[in-house]
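Whole structure, please, built from the sequences with the hints as guidance.
From first to last, the protein sequence lines are chains F and V.
So the mapping is simple: the working numbering equals the position in the first sequence, first residue as 1, plus 279.
So the mapping is simple: the working numbering equals the position in the second sequence, first residue as 1, plus 279.
No wet-lab data here; the hints were simulated from the structure.
Some clues are possibly wrong.
As the list claims (entries may be wrong) - Residues of chain V clear of chain F, computed beta-carbon distances all greater than 12 Å:
1) F297
2) F298
3) D299
4) L304
5) G307
6) N308
7) S311
8) R361
9) E432
10) G433
11) Q451
12) T455
13) I489
14) S524
As the list claims (entries may be wrong) - Calculated cross-link-like contacts (lysine-lysine; reagent style DSS-like; alpha-carbon spacing at most 27 Å):
15) K421/F <-> K526/V
16) K526/F <-> K515/F
17) K371/V <-> K515/F
18) K516/V <-> K526/V
19) K515/F <-> K516/V
20) K493/V <-> K531/V
21) K402/F <-> K371/V
22) K371/F <-> K552/V
23) K295/V <-> K500/F
24) K499/V <-> K295/F
25) K428/V <-> K526/F
26) K371/V <-> K420/V
27) K402/V <-> K428/F
28) K421/F <-> K295/V
Unchecked claim - Calculated Cβ distances over 12 Å to all of chain V for the following chain F residues:
29) K295
30) R305
31) E312
32) A422
33) S456
The beta carbon of each residue, even a glycine, is placed where N, CA and C say it ideally should be.
Each chain is listed here by its residues.
Protein chains: 2
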Amino acid sequence: MDSSNESEALQRSDVKSFFDSAPPLRNGNLISERLKEFIERNSRSSESGRPVGVVCVTSGGTTVPLEQRCVRYIDNFSSGHRGAASTEYFIKAGYTVIFVYRRGSCQPYCRYLPEDSFLEFFKLDEDSTIQVSESHATVVKKAIRDYRKAVEEGLLLKLPFTTIFEYLQILQMVATSMSSFGQHGMFYLAAAVSDFYVPWESMLETDPNILLQKADMALKKYRMHVVVANALATYKKEVVAVTNSGKTTICKHNEEEDIEEQLINLLVAMHSKYIGQVG
Amino acid sequence: MDSSNESEALQRSDVKSFFDSAPPLRNGNLISERLKEFIERNSRSSESGRPVGVVCVTSGGTTVPLEQRCVRYIDNFSSGHRGAASTEYFIKAGYTVIFVYRRGSCQPYCRYLPEDSFLEFFKLDEDSTIQVSESHATVVKKAIRDYRKAVEEGLLLKLPFTTIFEYLQILQMVATSMSSFGQHGMFYLAAAVSDFYVPWESMLETDPNILLQKADMALKKYRMHVVVANALATYKKEVVAVTNSGKTTICKHNEEEDIEEQLINLLVAMHSKYIGQVG
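In structure tokens form, the structure reads like this:
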């Protein structure tokens, strides 16, 4: 084995250990079905002369989780602007695009929209019809028109990722699916991909049993009036409001209810009592 | 000095060294003006019995940058759902809210909207009026109505952050501004705040001079056909397409143009030539 073969064998074993140690892809079956349908449609249409080619555009940054139930992670910053813009120009040039993008990053045909909440530029008129404020009307209408055209003509398949594990597993699925296109397939890898990862098995988990101890500690150390304690796994269903005089557990009564409604009512009552005592 | 005083003095010196070493807040003046205007309006209206109180809700996770021109950072995951939901319930209870949120995290009144691009649920009818697809009409209209009401009545001030430096500097400004409300002010700190930071001065910068060397290396190592090299500071203005047979520099001609238009045209031409040679 010469040194180039040796280095290749090493790379292959690195790749194998990465995929072996990765957590299973959620929605793997759904992604697989959507890919299959997209590839089949494009194989048929290429017989009639269209599309020019199929390109997989990756976009945005990957994260490296530092915990299994992930709170902390190392992120690679990327707005996703280049990937989103390039997707539009590939479609314009006659390609179909598999857009593999970081959740929340810049989307094709949305680049000229305001960055803030889209609620900023809509209002309702008297008969409850949605109106776009004059200043944004042109860009919003163009965005809707171009996006719908790309989706309705089947020119754009969007697949989101967050972690380095999801990114590489999805990319592998896309690569396998696209092999049928031969030289007509292209990979345009604009994503900012982490150049390291923390093996899934080696991550330490936090201990939910010390939650209330930590809440008591925070109450004293930071001189808070209330600490609202919740475990990551159940934070939408149960919280405990910890004060110097005791603990109040709040549970969600039913699926439709927000636990925040009870929580804010409790805090407002405490605040009102506090104002009465002090003021 | 007893041990509790000693520990307080230590904390104060930690706080001082944090703020001394933090990079200056961009838009600090703008934030200061918006805060001032909001506080003044709410001081006036509280004389007429409204609002019940003013609450600063923090929401979403902070990042710890690992580089000054930041590509990599350690992030604290938080959807921002609790902060956004709580903001809605505080407003319902008669409070005004200063919503200090991580850019891109969950926004008040948007929690029931589809997560994906909002373009998914709009379409244009024949006379170019924006229509909401039937399935989403109720939630979208409610979201627009509630959001506009909160903003127009001056009940909600939104201030975005990304890094731990921005978060703590903005929180300090809000705390100073809110002191005039006395016991009527409340802090509801739902943000997931990093419990460490990397001092700004100690960060190493990447060297733009080795860019093309790295591109050549990647071309060989990963057997790419093309590597598109760009420096972070100029990535929207200049890129270099590096192949085995040479380098092509692409520059933006004017402000209106996307550099991706030229880049994709070049790649499409290269791809077409490649298909011709191989196929």
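Quick rundown of the hints versus the structure:
1. F297: Holds: least Cβ distance 16 Å, greater than 12 Å.
2. F298: The claim holds: F298/V sits with its nearest Cβ about 18 Å from chain F, beyond 12 Å.
3. D299: The assertion about D299/V holds, with a minimum of 22 Å to chain F.
4. L304: holds, 18 Å
5. G307: holds, 19 Å
6. N308: N308/V is indeed farther than 12 Å from all Cβ atoms of chain F, at 19 Å.
7. S311: holds, 19 Å
8. R361: violated, 6 Å
9. E432: holds, 14 Å
10. G433: Non-interface label stands for G433/V: nearest chain F Cβ at 15 Å, farther than 12 Å.
11. Q451: holds, 15 Å
12. T455: holds, 18 Å
13. I489: For I489/V, whose nearest Cβ neighbour in chain F is about 15 Å away, the distance exceeds 12 Å, so it holds.
14. S524: holds, 18 Å
15. K421/F <-> K526/V: violated, 36 Å
16. K526/F <-> K515/F: holds, 18 Å
17. K371/V <-> K515/F: Roughly 20 Å between the alpha carbons, so the hint for K371/V and K515/F holds.
18. K516/V <-> K526/V: holds, 17 Å
19. K515/F <-> K516/V: violated, 45 Å
20. K493/V <-> K531/V: holds, 23 Å
21. K402/F <-> K371/V: holds, 21 Å
22. K371/F <-> K552/V: Roughly 19 Å between the alpha carbons, so the hint for K371/F and K552/V holds.
23. K295/V <-> K500/F: The hint holds at about 18 Å.
24. K499/V <-> K295/F: Measuring from Cα to Cα gives roughly 22 Å; hence the hint holds.
25. K428/V <-> K526/F: violated, 36 Å
26. K371/V <-> K420/V: holds, 18 Å
27. K402/V <-> K428/F: holds, 10 Å
28. K421/F <-> K295/V: violated, 50 Å
29. K295: holds, 18 Å
30. R305: Correct as stated: the minimum Cβ-Cβ distance to chain V is 14 Å, above 12 Å.
31. E312: holds, 18 Å
32. A422: violated, 6 Å
33. S456: At about 19 Å from chain V, S456/F clears the 12 Å cut-off, so the statement holds.
Checked against the numbered hints listed earlier, the structure breaks hints 8, 15, 19, 25, 28, 32; every other hint is satisfied.
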